[in-house]
Amino acid sequence: MLEIDDLAKRYGSVVALDGASFSARPGRIVGFLGPNGAGKTTTMRCIFGLVQPDRGEVRWQGAPVDRETRLRFGYMPEQRGLYPRMRVLEQVSYFAQQHGLSARDADAAGRRWLDRMGLADRARSKLEELSHGNQQRVQLTVALAHEPELLVLDEPFSGLDPIGIATMTDVLHDRARNGVGVMFSSHQLDLVEDVCEDVVIIARGRVVASGAIDELKSRSGRRHLEVEVVGSDGTWLDGDGSLTVLDRAGDRVKLLVRDDVDLDALLARARSAGEVRTFAYQPPKLSELFMEAVTPTPPARAVSDEVAS
Amino acid sequence: MSRWRSVWLVAKREILERGRSRGFILSVLFTTLLVIGSFVVPTILFGDEQAKAIGVVEPTPPGLETALTATAGQLDQTISVVPLPDAATASAALDSGEVDAVLEVPADLSAPGTIRFAEEPDQGLGQIASAAVVALRVQDLLADANVDPTELLAAQQAPSIDSLDPQTDADQSRFLFANIGAVLILIGIFSFGFTVLTGVIEEKQSRVVEVVLSTVRARDLLMGKVLGIGILGLIQLVVFVGAALGAAVLTDRFTLPETTPGAVALLTVWFVLGYALYSTALGFLGALASRLEEASNASTPVTMIAMASYFVAIFAVINDPAGLVARVATYIPVSAPFVVPLRAAFDAIEPLEIVIALVVTIVAIWVLFTIGARVYAGAVLQTAGRMKIRDAWRSAGG
Numbered sequence: 001m002l003e004i005d006d007l008a009k010r011y012g013s014v015v016a017l018d019g020a021s022f023s024a025r026p027g028r029i030v031g032f033l034g035p036n037g038a039g040k041t042t043t044m045r046c047i048f049g050l051v052q053p054d055r056g057e058v059r060w061q062g063a064p065v066d067r068e069t070r071l072r073f074g075y076m077p078e079q080r081g082l083y084p085r086m087r088v089l090e091q092v093s094y095f096a097q098q099h100g101l102s103a104r105d106a107d108a109a110g111r112r113w114l115d116r117m118g119l120a121d122r123a124r125s126k127l128e129e130l131s132h133g134n135q136q137r138v139q140l141t142v143a144l145a146h147e148p149e150l151l152v153l154d155e156p157f158s159g160l161d162p163i164g165i166a167t168m169t170d171v172l173h174d175r176a177r178n179g180v181g182v183m184f185s186s187h188q189l190d191l192v193e194d195v196c197e198d199v200v201i202i203a204r205g206r207v208v209a210s211g212a213i214d215e216l217k218s219r220s221g222r223r224h225l226e227v228e229v230v231g232s233d234g235t236w237l238d239g240d241g242s243l244t245v246l247d248r249a250g251d252r253v254k255l256l257v258r259d260d261v262d263l264d265a266l267l268a269r270a271r272s273a274g275e276v277r278t279f280a281y282q283p284p285k286l287s288e289l290f291m292e293a294v295t296p297t298p299p300a301r302a303v304s305d306e307v308a309s
Numbered sequence: 001m002s003r004w005r006s007v008w009l010v011a012k013r014e015i016l017e018r019g020r021s022r023g024f025i026l027s028v029l030f031t032t033l034l035v036i037g038s039f040v041v042p043t044i045l046f047g048d049e050q051a052k053a054i055g056v057v058e059p060t061p062p063g064l065e066t067a068l069t070a071t072a073g074q075l076d077q078t079i080s081v082v083p084l085p086d087a088a089t090a091s092a093a094l095d096s097g098e099v100d101a102v103l104e105v106p107a108d109l110s111a112p113g114t115i116r117f118a119e120e121p122d123q124g125l126g127q128i129a130s131a132a133v134v135a136l137r138v139q140d141l142l143a144d145a146n147v148d149p150t151e152l153l154a155a156q157q158a159p160s161i162d163s164l165d166p167q168t169d170a171d172q173s174r175f176l177f178a179n180i181g182a183v184l185i186l187i188g189i190f191s192f193g194f195t196v197l198t199g200v201i202e203e204k205q206s207r208v209v210e211v212v213l214s215t216v217r218a219r220d221l222l223m224g225k226v227l228g229i230g231i232l233g234l235i236q237l238v239v240f241v242g243a244a245l246g247a248a249v250l251t252d253r254f255t256l257p258e259t260t261p262g263a264v265a266l267l268t269v270w271f272v273l274g275y276a277l278y279s280t281a282l283g284f285l286g287a288l289a290s291r292l293e294e295a296s297n298a299s300t301p302v303t304m305i306a307m308a309s310y311f312v313a314i315f316a317v318i319n320d321p322a323g324l325v326a327r328v329a330t331y332i333p334v335s336a337p338f339v340v341p342l343r344a345a346f347d348a349i350e351p352l353e354i355v356i357a358l359v360v361t362i363v364a365i366w367v368l369f370t371i372g373a374r375v376y377a378g379a380v381l382q383t384a385g386r387m388k389i390r391d392a393w394r395s396a397g398g
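From first to last, the protein sequence lines stand for chains W and C. Counting from 1, one number per residue, gives the positions in the first sequence under the numbering used here. Counting from 1, one number per residue, gives the positions in the second sequence under the numbering used here.
It is worth saying that the hints were derived from the structure and are not from the lab. For every residue, glycine included, the Cβ atom is placed at its ideal position computed from N, Cα and C. A couple of the hints might just be wrong.
What the hints assert, rightly or not - Simulated restraints, written as ranges between beta carbons of each label pair: (1) W:21 to C:207: 50 to 56 Å; (2) C:300 to W:170: 47 to 53 Å; (3) W:161 to C:38: 55 to 61 Å.
What the hints assert, rightly or not - Pulled from the structure, derived: some chain C residues nowhere near chain W, Cβ distances all over 12 Å: (4) 8; (5) 16; (6) 31; (7) 98; (8) 142; (9) 147; (10) 205; (11) 212; (12) 213; (13) 227; (14) 231; (15) 240; (16) 248; (17) 351; (18) 377; (19) 381.
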């Protein structure tokens, strides 16, 4: 298990991290979310010793992470980069050797992973001769070839086409099934919702929410209710301060309600107003949880404010 | 995994990637050809000087041939004397280039005669012939006046030429050696030191450095880079010096001083030290810049120091290899790599001085490397704009 414990880092007057703590479990995919400048990249750089935190510690399997431990991690930085004029296989093999593999094992692993990425025929090409998409694949291969126990990827989906996204998703699921801890940052929240089991949301250098996505959803006070009532003029909703109309289209209305809403009573009212064709009660989307978590005012009040308006 | 393996992997990558590049191979081939050419071409042009042939038209006065060869010998030249039966044959021989000059003197030495050339008169040959004829005629005259021929010969003996501090071939080679050594060290620092500088910036610009540093320590990366590029530099130096020595021996243009093996060893050691010192400085200055243009500004102080040290070496030290400037410069790490092999080439340095200079320079390299590695670690991930050394130092330490 990866434990981030109370990390703090300040650059002059800019606070990058302000006591961030969370953990990532093996075999699980963790989405690392936060607005720009929230401290995601700094956290990842702390994991790899690229940034020395002012305070706090990173632990793997209970022990502080050192250079030896990091050799069992794989990293894909946000700012991608490899040696442009180096040949693809030699490049993958070089980094695998830097992670402790023998030259022979590194070559074999490089071939195997390039094959999996569909790059077997480009093994002897120079990196700069490859398309942008294929260079991204090589970058991922470099992070994977030494079969790390922890995979940390900064914005792995940015700039990928749908096929690239599918490949990346496959690889991440495959690694997690093999017991690898996977952690990646992203701004594509719908994608994160599809791919991840857990999320960590960071804002202004602090972790503002973390845990399994399902738990976070059920813990949230927000619920969505989609109702379609034929033959109603819509007035059955009036005067109820506990719900907010988000969208109305014909007979269909989308509502934001509290999780303690009396669904039976609401359904009864809808029935009395007309013929109920749809009555769908759903947890909030991850993007809502995210907005809720990163908005500076306390989440509970934010909801009630919205409801009151 | 051991740190040394990591350092060696970095070095090996540099050697393979750069050593296989067309630029490196061409530059090694080019310099080697240049070196060999600079020895071989003069040999082809001037080395194979044939003895000049001088034709004498018969009948000749007695002793002419002896007089001609003797005079030529005095002037440190070799000539061949070709007897020709008559004036017509002589003209033909001159025309065909069989002889370079034709000398026609009456057999009784009653007149000075003539020296004819095909085109432009050869001054040297003319002088030899004139001197020989004049001497013969004077001897003849004095013999008639009953002067003792032995005394006459003795009187004609030229004064011996001697110099207080004779410049031997070995001295010349030594001077040449010292100069070439200083130039090689300067070239090593500039071409390979700057390869380290650009290599660091390329890694920064291509952003690969973040991936590398997630497994390799910054100081190991810097060390591996300096080591790998240094090995390439050394290979080039060995090829260069080998070609030069080989060509010198084969063309027989120089007498290699007996101290050559020692001098080459010393040159190699100081080439390595000079390169290590300057390339470490250039490497971490490179880390402070984010673009190549900034780097050339950042490296200006280092360039100036290297040039200044070189000029001190080739002017002050060659002029007075055991003087005060030379002694002081021996103990300054930035100038020692130029000065020590130079002084050694002139045999003007004590072994103890060499040892002290070695220790001082190695300590300086170590200190510079320790400071440089920390600055490098702090600066190398900074990709926007130029960083101050102080900020980089703090950034790495924090």
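Cross-check of the supplied hints:
{"no.": "1", "hint": "W:21 to C:207: 50 to 56 Å", "verdict": "violated, 29 Å"}
{"no.": "2", "hint": "C:300 to W:170: 47 to 53 Å", "verdict": "holds, 52 Å"}
{"no.": "3", "hint": "W:161 to C:38: 55 to 61 Å", "verdict": "holds, 58 Å"}
{"no.": "4", "hint": "8", "verdict": "violated, 10 Å"}
{"no.": "5", "hint": "16", "verdict": "violated, 8 Å"}
{"no.": "6", "hint": "31", "verdict": "holds, 23 Å"}
{"no.": "7", "hint": "98", "verdict": "holds, 63 Å"}
{"no.": "8", "hint": "142", "verdict": "holds, 85 Å"}
{"no.": "9", "hint": "147", "verdict": "holds, 87 Å"}
{"no.": "10", "hint": "205", "verdict": "violated, 8 Å"}
{"no.": "11", "hint": "212", "verdict": "violated, 7 Å"}
{"no.": "12", "hint": "213", "verdict": "violated, 6 Å"}
{"no.": "13", "hint": "227", "verdict": "holds, 15 Å"}
{"no.": "14", "hint": "231", "verdict": "holds, 17 Å"}
{"no.": "15", "hint": "240", "verdict": "holds, 26 Å"}
{"no.": "16", "hint": "248", "verdict": "holds, 38 Å"}
{"no.": "17", "hint": "351", "verdict": "holds, 42 Å"}
{"no.": "18", "hint": "377", "verdict": "violated, 9 Å"}
{"no.": "19", "hint": "381", "verdict": "violated, 6 Å"}
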